[in-house]
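S.K.: Sequence:
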Amino acid sequence: MDNQWTMLMLEFTLFALRNEGAKQKLAERYQQIMLSMTEAITEHFSNNGDDANKDQTKEIVLSLLSLETGLNIIESLNPELIEDGFRSRTYKMFL
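Going letter by letter, the sequence shown gives residues 1 to 95 in our numbering.
A couple of the hints might just be wrong.
[Said to hold, decoys possible] Using 25 Å as the maximum straight-line C-alpha spacing, the simulated BS3-like pairs for lysine-lysine come out as follows:
1) Lys25 <-> Lys58
2) Lys54 <-> Lys92
3) Lys92 <-> Lys58
Simulated from the structure, these hints should not be mistaken for lab results.
Work out the full structure, taking the sequences as your base and the hints as a guide.
M.R.: What follows is the structure, encoded as structure tokens:
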């Protein structure tokens, strides 16, 4: 995990919340990220013979993105709080 990247994203997010132009660009970027994740998760389910509906997939994507964002912040503050393998074990619960 890259602490510098986490700090940069936090700082830019706070800036974007106060600046409408930056907020719009960041929101668009998150939409692109979520679209890419949706495509990957849809493919994952399809490859495993499962058929997740659109609403389910959207909820999974938002949950995983939120989880990763939060874990990056926590890990930046105190890496010992995130055990080895925690991410993969947790992500498997969604997939």
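S.K.: Evaluate each hint against the coordinates.
M.R.: Against the structure, the hints:
1. Only pairs whose Cα atoms come within 25 Å are accepted, and Lys25 paired with Lys58 is accepted, the gap being roughly 21 Å.
2. Only pairs whose Cα atoms come within 25 Å are accepted, and Lys54 paired with Lys92 is accepted, the gap being roughly 19 Å.
3. Our distance criterion of 25 Å between C-alpha atoms is met by Lys92 and Lys58, whose separation comes to about 16 Å.
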